[in-house]
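Enquirer: Okay, here's what each chain looks like letter by letter:
Protein chains: 2
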Amino acid sequence: MINSIKLIVLFVAITFVSCKQDIANDSKKIASEESNHPSLILTAQGVKDIRVQLGDIPIFDKTLEKVKAEIDAEISLGIETPIPLDYSGGFTHVRHKRNMVVLQKAGVLYQILDDKKYAKYVKEMLMQYEEMYKTLPLHPKTRSYARGKLFWQCLNDSNWLVYVSQAYDCVYNYLSEEERNKLETNLFRPFADHISIDSPQFYQRVHNHSTWGNAAVGMIGLVMNDQELIDRALYGIKGVDLDKKAKDDDGGFLNKDGKAGFLANIEEPFSPDGYYNEGPYYQRYAMYPFLIFAEGLHNVKPELKIFEYKEGVLLKSINALLNLSDADGEFFPLNDGQKGMSYYTSALVTAVDISYHFGTQDPGLLSIASLQDRVLLDDSGLAVALGIKNGKAAPFNKKSINLSDGPNGKQGGVAILRNEDIELVFKYAAQGSSHGHYDKLSYSLYEKGEEILQDYGLARFVNIEQKGGGNYLKENKTWAKQTIAHNTLTQNETSHFNGKYEIGSQHHSVLNYFSSENENVQVVSAKESNAYPGTEMLRTMAIIKDEDFEKPYMLDLMKVTSNKANKYDFPYYFLGQVLQTNFEYKTPKTLNTLGSKNGYQHLYVEATAKAFNENSKLSWLNEGKFYTLTSLTNSNDELLFTRIGANDPEFNLRREAAFMLRRKNTKNTLFISIIEAHGGYSPVTESAVNSNSSIKELKVVLDSDAYTAIEITNINGTMKLFITVNTNASKQQSHKLNINKKAYQWVGPYYYTNIN
Amino acid sequence: MINSIKLIVLFVAITFVSCKQDIANDSKKIASEESNHPSLILTAQGVKDIRVQLGDIPIFDKTLEKVKAEIDAEISLGIETPIPLDYSGGFTHVRHKRNMVVLQKAGVLYQILDDKKYAKYVKEMLMQYEEMYKTLPLHPKTRSYARGKLFWQCLNDSNWLVYVSQAYDCVYNYLSEEERNKLETNLFRPFADHISIDSPQFYQRVHNHSTWGNAAVGMIGLVMNDQELIDRALYGIKGVDLDKKAKDDDGGFLNKDGKAGFLANIEEPFSPDGYYNEGPYYQRYAMYPFLIFAEGLHNVKPELKIFEYKEGVLLKSINALLNLSDADGEFFPLNDGQKGMSYYTSALVTAVDISYHFGTQDPGLLSIASLQDRVLLDDSGLAVALGIKNGKAAPFNKKSINLSDGPNGKQGGVAILRNEDIELVFKYAAQGSSHGHYDKLSYSLYEKGEEILQDYGLARFVNIEQKGGGNYLKENKTWAKQTIAHNTLTQNETSHFNGKYEIGSQHHSVLNYFSSENENVQVVSAKESNAYPGTEMLRTMAIIKDEDFEKPYMLDLMKVTSNKANKYDFPYYFLGQVLQTNFEYKTPKTLNTLGSKNGYQHLYVEATAKAFNENSKLSWLNEGKFYTLTSLTNSNDELLFTRIGANDPEFNLRREAAFMLRRKNTKNTLFISIIEAHGGYSPVTESAVNSNSSIKELKVVLDSDAYTAIEITNINGTMKLFITVNTNASKQQSHKLNINKKAYQWVGPYYYTNIN
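Heads up: the protein sequence lines correspond to chains L and D, in order. With the first letter of the first sequence counted as 1, position 178 gets the number 178 in full-length UniProt numbering; the numbers rise by one all the way through. With the first letter of the second sequence counted as 1, position 377 gets the number 377 in full-length UniProt numbering; the numbers rise by one all the way through.
Check before you lean on any hint, since a few could be wrong.
[What the hints assert, rightly or not] Straight-line Cα separation of at most 20 Å, EDC-like style, residue types lysine to aspartate or glutamate; simulated pairs:
(1) LYS305(L) x GLU267(L)
(2) LYS610(L) x GLU650(D)
(3) LYS617(D) x GLU650(L)
(4) LYS474(D) x GLU584(L)
(5) LYS97(L) x GLU131(L)
(6) LYS474(L) x GLU584(D)
(7) LYS120(L) x GLU74(L)
Since the hints were made in silico from the structure, they are not lab data. From a predicted model like this one, the values you see are computed outputs, not experimental measurements.
Same shape as in the complex, but just chain L (with noise of 0.2 Å):
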């Protein structure tokens, strides 16, 4: 069928083709104003700078030998414009999601390759496009806030206008100005409205949404010189005031502030340091219009200084997001995220060669760009094509880094900490938006970009049309936002704030402090104190490299203070499987769930146990590797193991494990473990190196206001002391304090020492 329906295609566009061939552009007029095109993304000059290179950029090359394979076999299959019919994943949306990336590129290669053929296919299809356009009305799909005529969401709409702009500025001198004037009053100026005055839902807000929609008017106000349209997608639509209660599909309030237009959006969710509010995930999206439209911002409009602005946020906010990566590139699955994105997506490719073109031409940029394998078929891709055909490239290291949240960089944030192969992301941010999850002071672990312990990510199967459409499953909000689907605590089996996203958004974390300057010991500490009113969490997690231990090793010290006695469970979301524990559990003859409600109910319990030991102790083995939770636990609290997948009439969750600590009918406490990576374990050689833990005993020899220590025994006879300072934690301060009758005297606000 689809070779048939191909054929059909073909010979309709053959048809096409021979009626309309060639009318009016062999007489080029070059009028003034189009001496300026291309101007947007690829430039006059930039187009004569390549055109000199071709044929010794090797990346640059290649990346453009395939983009004319991929965009030739387009060609030959004639074009296709269906009447909108499909939410993501069918037939219509995924066409026109395709239209716009082939517009694109065939624009691109007719500059580049100077070949009439792309212009004029660039050009037919445009007018199919305007063809249909002026007289399309919604798209027939209603589960949309905000619904688009090509695409079921005006988002979508907005993306096709971002790629499309950049044709319409290629093929821009191609075009007669009669068939500009069609295109601009029949497709372009309407498009651009719809999207904008008559869906200000979707537009006037702060939201990633908005920036595809702002970066979509004002890239095609770019091409046609059209300075309204160009200050509506700076500033918004003028006098436009939206309900501030209003909340869209997500549950975010659709214009809180009131703030709106692309500087807006870049001022309110970028922090200083480059970190976006919604997480990695939501920022390598939102990444493309944001630099997309600020690099033809550069070109056409250079007195903005759209690269310095807010000192030149945009730029480090790419370096933030490559350092939101795992060892393998995948973005963490902050919030929600879907996992496996990672920096190979082109987003990354444009983040990746303008940041080196229009940044500090930083070589660690150019090894990632070499991974990606491809380039930018633009003046930022000629950059780094030449600086890797030139040497330049140097290893990008990604070190422990500490980004805050929050427009002025005052509403908590991430840190990330790193040491050889282990990566702790810990989470002590603002809610994140709409794609916020309620998970303050969690954290996961990585080896070598294996997760030890995940974050679940998101309950979503992007554009998998069997999978609700491809859209957000009802389980996200049941589960992968709730507290308890995170590695942190949860009170009384209720969410932080409740679950309410309005309580949340008005609320953040706050850092106690941050220390990467020691190589081996790498700390970081953060307080909530609105998650359940009456009850302050302070969290301190450190990655310590040691000479005792084989890697180096994870510390959590979680110290609960509250106004009331209260239930906590404190789960572990490990993977893989269950090897040995130091307590006997009793496995069930038929799985119930653990609640009812909150995430509880997606919870079976496959095993529970009374914790005997001071020390209970849980490993496992994930992906040839060997782990150990060491955790401290007195003889009330409840051992439990989960699994996910209950309550989950449609399979969309993965039925992964948790090992869970509950302690009931408790004010203040402390939750402390240690987390081992150790050994390895390989089916070829059956071998198991190193597969038992390297500690004896875990325990609390002080905890107070002001100071927590712990001590830590090692199989070898070694002991640690790690002391973390809870309320006067400046890098200055010096501290002096008496354990067990011994002095210990430091400046900084951690102490970590051998003690034997």
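Guided by the hints, dock chain D onto chain L, whose structure is given.
Expert: Structure of chain D alone, referenced to chain L:
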């Protein structure tokens, strides 16, 4: 602690060395028996040849360099021969296992590098073993049916002697006659006697354990030139008859037929095609002693023509074994097999090199050797290294293959159908000795080395001490061996042969036909009449490449004929995430087990449904690829989603899913299914390609004793007909048949055609 032990050991070793240094070895006498060494694996001529080529044979040089670095590091740590105490994975076990390898390698280094420090090291360690062994009691651990002395089981003792014989051969001439006498009298001879004469229940059998025993005794016999030991190795212990009904730990008969010795061990388990009756995982394990002893026999006793024995079955078996691996070189986990074991294991380096050198110098073997990236440091490794160096390597193309089972090739077999990236492994073999599973006519399906439908493999974590000492777990019997754990038919919730080894081992399935002449349509068909007395199962499976499908699809026709009404369960052990079904299912609030025994106690029921349609469809996503099962159902069929993991009190089982068809109160019936692999999904591009099935309808158009015919309608409207011949399936037989008033005529066991 590790470091301090090493230091102590080093100190002991240094003391030892300084006392005994160079007493008798500088003044060499070359007696006539000495001139024959090395002769076992390395030969005197081979050593000369290697020394000439050294530095100019990259893969050999690289291997040598690594081995040298490894052994130099070991030597610097000193010698450690602890009193045996532990099970597999424990300290003393691991140490002695390591020592045997180190000895063998040090011996080889002495020969190739002509550096006495290696000979001295071997001598000193052997002397420590001699000192310990002469008074060593049985190993203190009592779990084995045949306890060793260095290890808890004779099997490991035999492993040790197979390696150490080679080391002894290498340093034979370095040692004084007095030293040799001491070693032979106090260590080697009693060691060989313990694993043979003292342990007939281990030695005097046809079993992979015995093969190790035979090889151990034979190899030390060859080095010592002791004809009595050589004969004991080849023919078994003279005059020993075992109880033919006794069983070993795994439930296998100790010696049902009274056969024993190395030759009987070649005779019995290998079919003429080289299939090893326990399956590839154990063949890989058994391979090393077979081949290394054969190499020794070839070198020392060429008159035996061991590589021509049973029409060259030893070399054929290597080809069979390589064909029993997936696209990544991992062996199919038939019977008890641990997943992940692959041709990268050192035993396969031996196999590939020996097969190349002593066989027909197949260039395909060189490409596998290149992947293995190392060679044996002996004559065969030299041949491989030279072959690679001289550019002779060619791809090892795995094609569809049918491997007969049984000593005479008359006990069923295993067929592998391959087309493009799809591999189907179909098992219609005999029981497979004590490691056999009760899974007649079962199959597993792979795409590019990834499982589509899995075989569970074994329930064991080999050498991981925390999991039952690394030994078989009780779930191996209660789950992994049971029929319901496999992709085949279970009748009335009982396993084939009632799960009784005595019965199962008397029977085997029978090939109906195997056809691989047509590259596009590869078919295997076999019948099982004994698994359930009164019930016959005839299963025909095909992999078909057809232009109307994106990838080759799998066709499965299971024809069941019974003399009474039964309950049939027919599972599909798919891996991954459920995407879509065309039936409505219900998910229970609590998870209960599917049954109470025969493996059913390990399955939770996650969802249930009644089949509505004639075709029940399930699609899923795994590792970025889409799959759809289309199965013929009737309205009485129950559909179940199950998950492994019930009654698993120590988390020994993996929590993996199955979809299951249940047909009650039925005598004769057909289970007809198609599995399509199609399209793909990338989390980086977030685009889903070809995510839907290409099948509109699947139906039976004829079913008789002689023929079964099905019709497949593609969504593009094309229709296919597949007819399988049930009873008269020779290649030459011509057939005529009317279906829906249309006449079909063909020659051979099946017919496949487009019918519109």
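Enquirer: Each hint: holds or not?
Expert: Status of each hint after checking the structure:
no. : hint                  : result
1   : LYS305(L) x GLU267(L) : holds, 15 Å
2   : LYS610(L) x GLU650(D) : holds, 16 Å
3   : LYS617(D) x GLU650(L) : holds, 15 Å
4   : LYS474(D) x GLU584(L) : holds, 18 Å
5   : LYS97(L) x GLU131(L)  : holds, 18 Å
6   : LYS474(L) x GLU584(D) : holds, 18 Å
7   : LYS120(L) x GLU74(L)  : holds, 13 Å
Hint violations for this structure: none, all hints satisfied.
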